[in-house]
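Novice: Letter by letter, the chains look like this.
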Amino acid sequence: MVPPGAYLLLSAVLFVLGTVGVLVRRNALIIFMAVELMLNSVNLAFVTFARQLGTVDGQVIVFFVLVVAAVEVVVGLALIVDIFRSRDSVDIDDVDLLRG
Amino acid sequence: MSATLVADLALVAPELMVFGTALLILMIDLWLPPNRRGWLVGVGLAGVAWAGWSAAGVPDGIGFSGMYVRDALTRSGQLLALAVVGLGILVAPEYLRRTRLERGEYYVLVLTAGGGAMLMGASRDLLMLFLSLETLSIPLYVLAATSRANVRSQEAGMKYFLLGAFASAFFLYGVALLYGATGTTRLADLGQALERMPSSTSAAAGVGLLTIGLGFKAALVPFHTWAPDVYEGAPLPAATFMAVIAKIGAFLALLRVFPLSLGALAAQWTVVLGALAAVTMILANLAALGQTSYKRLLAYSSIAHAGYLLIGVAVGTPAAISAVLNYLVVYAAMTTGAFAVAIAVERNGQEADRIDDYAGLYHRAPLLAVATALFMISLAGLPPLAGFFAKLGVFEAAVEGGGRVGLLLVLIGVLSSVVSVYYYLRVAYVMFTGELSADVRINRSPLVNVVLVLAAAAVVQMGIAPSTVNAIAHRVGAFLR
Amino acid sequence: MEWLIFVPAACLALAGGVGVIASRQPVHSALALLMVLAALAVMYLLLAAQFIAVLQVIVYAGAIVVLFLFVIMLLHARRGEGSREKLPRQRAAAIVLGAVYLVVLAVAVLAATGPFAQVEPDFGTAQQVGQSLFGTYILPFELASIILLVGMIAAVVLGRRQSGEEPR
Amino acid sequence: MLSTLIFLPLAGAVLIGFVPRDREHMIRWLGLSVTLGALLLAARLFQLFDGSSGGMQFSEQTPWVPSLGIGYHVGVDGISLLLVGLTAVIFPIALLGSWGSITERVKAFTLAMLGLETAVLGTFLSLDLILFYVFWEAVLIPMAFLIGIWGSANRRYAAIKFFLYTMAASVLMLVAIIALHVIGIGRLGERTFDLQRLAEMGLPAGLQGPLFAAFALAFAVKVPMWPLHTWLPDAHTEAPTAGSVILAAVLLKMGTYGFVRFGPSLFPQALAASAPLIATLAIIGILYGAAVSWVQTDLKRLVAFSSVSHLGFVMLGIAALNVQGLQGALIQMINHGVSTGALFLIVGVLYDRTHSRAIADYGGVAALMPRFAAVFTIVAVSSAALPGTNGFVGEFLILLGAFRTSSWWAALAVGGVVLSVVYLLWAYQQVMHGPVTAKHPERLVDLTPREMLVFVPLIAMIFAVGLYPRALLDKSEATVKAALTRIEQAVAAPVSRR
Amino acid sequence: MTIQFAPWILLWPLLGWLTNGLIGRRLPRVLSGWVAALAVAASFATALVVLSAFGETRAPGMSLSIGLPLYSWLGAGDLDVQAGLLVDALSLVMVLTITGVGLLIHVYSIGYMAEDPHASRYFAYLNLFMFSMLLLVLAGNLLVLFVGWELVGLCSYLLIGFWFTRPAAATAGRKAFVVNRIGDAAFLLGLLILFTSLNTLDILKIRDGAAGLSDGARALAALLLFAGATGKSAQLPLHVWLPDAMEGPTPVSALIHAATMVTAGVFLIARLDRLFLTAPGVPVVIAMVGALTAFYAATVALRQHDLKRVLAYSTISQLGYMFVAMGSLAPAAGIFHLVTHAFFKALLFLAAGSVMHAMHDVIDMRRLGGLARPLRWTAGGFVIGVLAIAGIPPFAGFFSKDLILEHAFALGMHTGNYLPYALGLLTAFVTAVYMTRAAMLTFGGRPADQNAHPHESPPLMLWPMGVLAVLAAGGGALGAQAAGEPLLRFLGPLMAPAMEIASSPPALLLAGVSIAVALAGVLIGWTAYRDGRDPSLGVAGTFFERGWYINDLYEAVIVAPGKTLARWLAGPIDLGLIDAAVNGVGHVFGGFGEAARRLQTGYARQYALVLLIGTILIVGYWVLR
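Residue numbers (the numbering used here), protein chains in the order written: chain A, 2 to 101; chain B, 2 to 482; chain C, 602 to 769; chain D, 3 to 500; chain E, 6 to 630.
There's no promise every hint is true.
To be verified - Lysine to aspartate or glutamate pairs mimicking EDC-like chemistry, simulated, CA-CA at most 20 Å apart:
id	chain 1	residue 1	chain 2	residue 2
1	C	687	A	95
2	D	483	E	83
3	D	441	D	490
4	E	210	E	369
Unchecked claim - Selected chain B positions facing chain D (in silico; Cβ < 7 Å):
id	residue
5	17
6	40
7	385
8	415
9	419
10	436
Said to hold, decoys possible - Negatives, chain A to chain E, calculated, CB over 10 Å:
id	residue
11	7
12	20
13	32
14	71
15	85
16	90
17	101
Worth flagging that the hints you see were computed from the coordinates, not collected in a lab. All residues carry an ideal CB built from backbone N, CA and C; glycine is no exception.
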């Protein structure tokens, strides 16, 4: 029997991987994927806790996270496309007009 | 439909009306000819008014399996949010027409964001809170990017979205931790569970992560970094609206979560929120000193005000809660007013965003200049305008209920407001001296003028006779006691 | 027994996670993400979350990753990153801070572990989840629909041809 | 009556708000009439005031923000009466005196002045701490604008410095006010910011120190006491004449007034304990201000530093904590208002003509402007506290009071008496005497009738107070004695035991 | 009672001042002079009336001093200052001297100032001065006295600087005021001591209560007041202003800087004799200061070239005598000398003024000479003045000076300290020498400037000189034993109780010595300065000429360092330190603001990093708490 800790540790590692991905990558698409990675790690945590606690709420929450993740992807990709149209770049570091 | 569901739906009638209005506008917009879009404003305002009437009237209660609560905080928060939605609708059409951005979707987004903010105050469950947060946020991301040909607007949307999604993930992980540690996401159960195990590391970390998500929305340092860029880049009506509605949502949620649910951990979150308030006040006010962009200045100002508001949350006494509510009302009035001023001014067909663009405004538009001066003075917290009494209420509550931490925060608060006086009054000063540049034009915008008059009247009225709003907020605080 | 499934799946997930953030090509990242999603679906099954596992495959793998790939194609964004690193210390800082954060997060999350509860066989079935969704979670469910609507509007607003302004 | 007095100027401002901007003449006359109306009211108040009572009179009280315990409470006693009178006198004079020099944005100027008058009167008459603070801070905005808009070259710097410096000090007072209120909740069992109620509760000695420090800092900057004075020369130098006059004559008094109003009532023990410190700083201020005045090359800076010196005397009188000292301080506040106000008007007269404040740009003016010379002489000797003028009465009482508390204080402060002649006569000689070396002798025409009208009341006050100070002293004596009794009782029987 | 008219003594000049001050410029020039003179004349007449009334009250049992309270001027707590007058023998003597001599000088001034366009201002000042001086001597309260005391200083300032377009005049006026203020500051402290110990400033009460004071308080108060007196009466070390004060119009020098104002210090001591003369050690100090000043000023006068400066130093010297008298416990003798001095010194100054009038303001004796012939009347008057001041009997100066020396000698017998006497005697000799020198250089010898055509002054100037010459010649009678010492007897009852002289000195012998010394001085002076010669006296001469370098010393030790200190305070300290600290705070905030702004780099990834840092801190806190 694999203990919950293993799942949770995996979830933490994936979350941090996603975090680092957001920080180190400049391609906006990859950054969004990293964010998706983070959300997935959260989902793993929810599912693990749901199993550990024996309540289904965790799984229900995952459902909602999925919905939100989908919407975020839609909005995010729309923004990327929009920006790409005007700048011809998906490098997030090129988006730096506003500062100070 | 079961009887309970009907009762539950009655509880959320105001939200339903807001979202319903949004859908209605979406529908109407499909067949409305482009030159008749003024109707959308009317419909939106009517819906808001209706929702407001309903929000004032629907009796208190808890519903939806304990996920939703309608109480004094909900009610006052929703009325405020609705007022802000109304103002957000009013400031937009003329600007949108000018910049050819007028679309029904704009109002839909404003209404849904408003609905999200309303729900944030009413959420009694972390999942609900998360979803409300997203309902508030996603429309704002889009609003920031509305001016799509404008690279700055795109950038604003992009940054807001990217960082918002990033912060959401942290928030969610916090929910997961709390869920794992306590087995529930209901705030009330959570509070009870934490009373039983106040030293749970997971729960503590979860609370910490919740702070990040809400702190991001409230633009607290160090989660504020998006705000200046987004406010500067977003089209003015959107910036006006989001600067206020996000703050309302975030603070309603902060109040709901911390003082009203997690009293068991008060000793710890007081320190954390206090520290956040301190760095927010200090950094935001300092960073605002050298700004040359009016919108950016207001962005930093809104961050700074989040700091002052957070003092009240950190203290968490009933008096502090009512002070925060009162402050939110005042903040809404003065910030909306300050942004609306910029909507009325235009340089070379663009937003007049440099502070220097307002030089000599007094000569061309004395009333506009006087109104701006009022907003600036109030934002700076100088008597006898509303901003002063708002701050006074928070400070008083902090000294009374916050112990040493409260006193320290108040000291930081007053000293940082001295710093803020510099940049606020610089704006007013510029308007009364110098000459208006020839390429600056003042738009005759009746609706914006309505907003300006309303905001200015509120700022003055709540200064000279602060008791009205104050008394309401006070009653809320007393009720929650 | 479970370990035999868990360990490869976990390794797959980790490898995929690294792949997402380390790939040069966005396409590779997307595929790595797909790998993670699949691995997680397996884990969900191990954790008695059949319905979620299915959703994971359908929504994530089926919709989201496809959307990513679609956009990648649309933009022809091969690498998408300029050659000049404008934030030279960002990478090192991110890795160090990531490590620190991992420690903090691991401590926090592991503190919440306990033994698995005994669950009924129907735990995590579509029926059970569905009942929750339309019972206890009716309000969030409705709200989710609003969010989806907003997503739709967002796509409309952002995707529409830029009217009246010079195309760039 | 008091509320009418306070808000009359504001009402006038609202009225003027409806007058079109270009009707400057009408605006000027309206502004002057409003301030004269306030003066009449103040005169009536002075007449009706019963000097034999040491308590508050004409009190008006009504709740304002009940949820926070903020009340609208105004009242007048012997101390505030004199300052209200001074305010009411100075404002019409300052307005009239600026007719020649303020030619741009007359409407805004008049509005700022009227707003300022309301704020100042409110400051002097408030008996609720928040109300007081509101007026106290409300003073800053119009004043900063007076400096910042109508000032001279470096006006922006001066306005910012004035605003931030004084504000930084006063926000701490706000914190102390809140703290007092919170202490009051515990000790009185009610939410109140009312000065009299809070004074009744008897603050523990241990709390008096820090709270008084916060109040004192706000007041000390406003006074300004050495070494917190450096905003003053800049503000004075850059302000337009009317601004300087108001600043010197009225605004600085808010600081000294604060000490007298709140020290004995709220912090008797702390005031008594810090009297030596106050006196020391005051004496340094007296000598330092005088010495620095002596080497100034800018007339307004010179007068500004002389203010530092003169207000050192006021603070010394307060620190003496006896009848003579306090009465002297009060009289000296009035005197400084009249004399230094007049000095700034004098500089203004010169500035209006040649647009220079540099002492070096003048010389031999007396030969060109004999009437002006006479006025200047009288004002200068008043400022130098020559007997027969108002200045002497104040300084003598202060020195007497100080001497009774510590002979060394008086012995050192007397140095200021000498130095005041040194710098005043030096400046007078450089500007007025010698051969005509002024840069634009053709512009130096003697005082116009309007300008004479500005000076005549001031000169009349100089002599009236100098020859019959009892008219003022008798009004305030009972109040002063009551305040001193409070301190004595507090020091004798510490309330901290409660 | 006619004594109630006393306030009118003050009011007349006040009215004159108001008249000339307010409408003087519109009056014909001559008229303003006459208005002023008339005011003084009225004052003089009133004084005579009061005197006669006062005489009636001098029945046994009646008070010697009559207080006339006017109104309560100043009060706070236990302080209650009655503005009121005090009429007694002393004040009447002073009033008569002041108004009498003042009247003559006013009349003289009408002629002297006939050509000056600002005559009305001049007469306004002069009348104001008369008022102030009379207030000083008539004051019934020490604080009121102080009012007069300072006002005369103001008038002195105004009149010295009357020709303010001359920088020297303006500077001299300022110097006079400032130096006086130093003394006044001490005076003020003395007042404070008196009030704190006696709870009153009423002169009569102070006189009565002085005995009740502790020795220390009495001595300290007396010394402080005396310091004030040295300022006003130009005694060492505060004498430096008087020679410079000669920049004023000459009648002013005569009135203020010779006859009246400068004697205020002497008057003050006489007024409070019971305080000063009973305070331990104080009389000796007064006597020594007076004697040293007398000698000092006489030596300096020996080498002055400006005739008016000679007279100024001689005034300082003669005032020294008066202080010697006071210190020798003989205030009446001092007042006697005060009166005679007023006569002859006013005469000398008016004569000098006449010379200036004739020589178009030339007053440097090196450019004068041989004026005896063209200015016969003036020269005559001057010679009478010289004889009087030199102490040649029967001229007035002899009697008063001899009386002082007699008392000084008695003091020596009493205390063993003969120094005041010796210095007084020496000074008498030097006085005779330098006054003879002045007369010789101005009127004797040959004219230095052949082109000058001096002409005698108009009658309006000569007549007052004539009257003064008579008084200078015969004024001794007021105190001469042969004439029954009317002045001393008049003052006697008021002053007597304060004094006690143990043994009587050998009066005749001392008189003889005095006469011999004076004659020797005149003789030597005659011999030495005949034919316009003026031996330089070598190093000592230069030393004398520069006033023993005291002025230079002050300049180097007090004024220059003071200014340097003030500059240092204004520059490095005020701007460089205090203000810089304030601005520094502002700059620090500005710097922080810039730094905070720079944190906002515009890179979203960095924002995310900041967010992560915040997260780690907060979650770390929660986890580790």
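Novice: Does each hint hold? Answer for all of them.
Specialist: We went through each hint and held it up to the structure:
For the suggested pair residue 687 of chain C and residue 95 of chain A, the alpha carbons sit about 9 Å apart, so the restraint of at most 20 Å is met. Using a Cα cut-off of 20 Å, the hinted pair residue 483 of chain D and residue 83 of chain E holds, with the two alpha carbons roughly 12 Å apart. Annotation: proposed proximity of residue 441 of chain D to residue 490 of chain D is violated, straight-line Cα distance about 58 Å (limit 20 Å). Between residue 210 of chain E and residue 369 of chain E, the direct Cα distance comes to roughly 50 Å. Violation of the 20 Å bound is thereby established for this hinted pair.
For residue 17 of chain B, the interface hint is violated, the least distance from its beta-carbon to any beta-carbon of chain D being 33 Å, above 7 Å. Hint status for residue 40 of chain B: violated, given a least beta-carbon distance of 38 Å to chain D, over 7 Å. Here the hint on residue 385 of chain B is kept, as its CB sits about 5 Å from the closest CB of chain D, short of 7 Å. The beta carbon of residue 415 of chain B is positioned within 7 Å of a beta carbon in chain D (closest approach about 4 Å), and the interface hint is therefore held.
This hint holds: residue 419 of chain B has a C-beta 5 Å from the nearest C-beta of chain D, less than the 7 Å allowed. At a threshold of 7 Å, the smallest CB-CB gap from residue 436 of chain B to chain D is about 12 Å, leaving the interface hint violated. Consistency note on residue 7 of chain A: stated as away from chain E, and its beta-carbon is indeed over 10 Å from all of that chain's, at 20 Å minimum. Distance check for residue 20 of chain A against chain E: the nearest CB is about 6 Å away, which does not clear 10 Å, and the non-interface claim fails.
Separation of residue 32 of chain A from chain E is inadequate, the least Cβ-Cβ distance of about 8 Å not exceeding the 10 Å criterion. Listed as outside the interface, residue 71 of chain A is consistent with that label: its C-beta sits roughly 22 Å from the nearest C-beta of chain E, beyond the 10 Å cut-off. Distance check for residue 85 of chain A against chain E: the nearest CB is about 16 Å away, which clears 10 Å, and the non-interface claim stands. Remark: the non-interface label on residue 90 of chain A is consistent with the geometry, its nearest Cβ contact in chain E lying 14 Å away (cut-off 10 Å).
Not every Cβ of chain E is farther than 10 Å from the Cβ of residue 101 of chain A; the closest lies at roughly 5 Å, contradicting the non-interface assignment.
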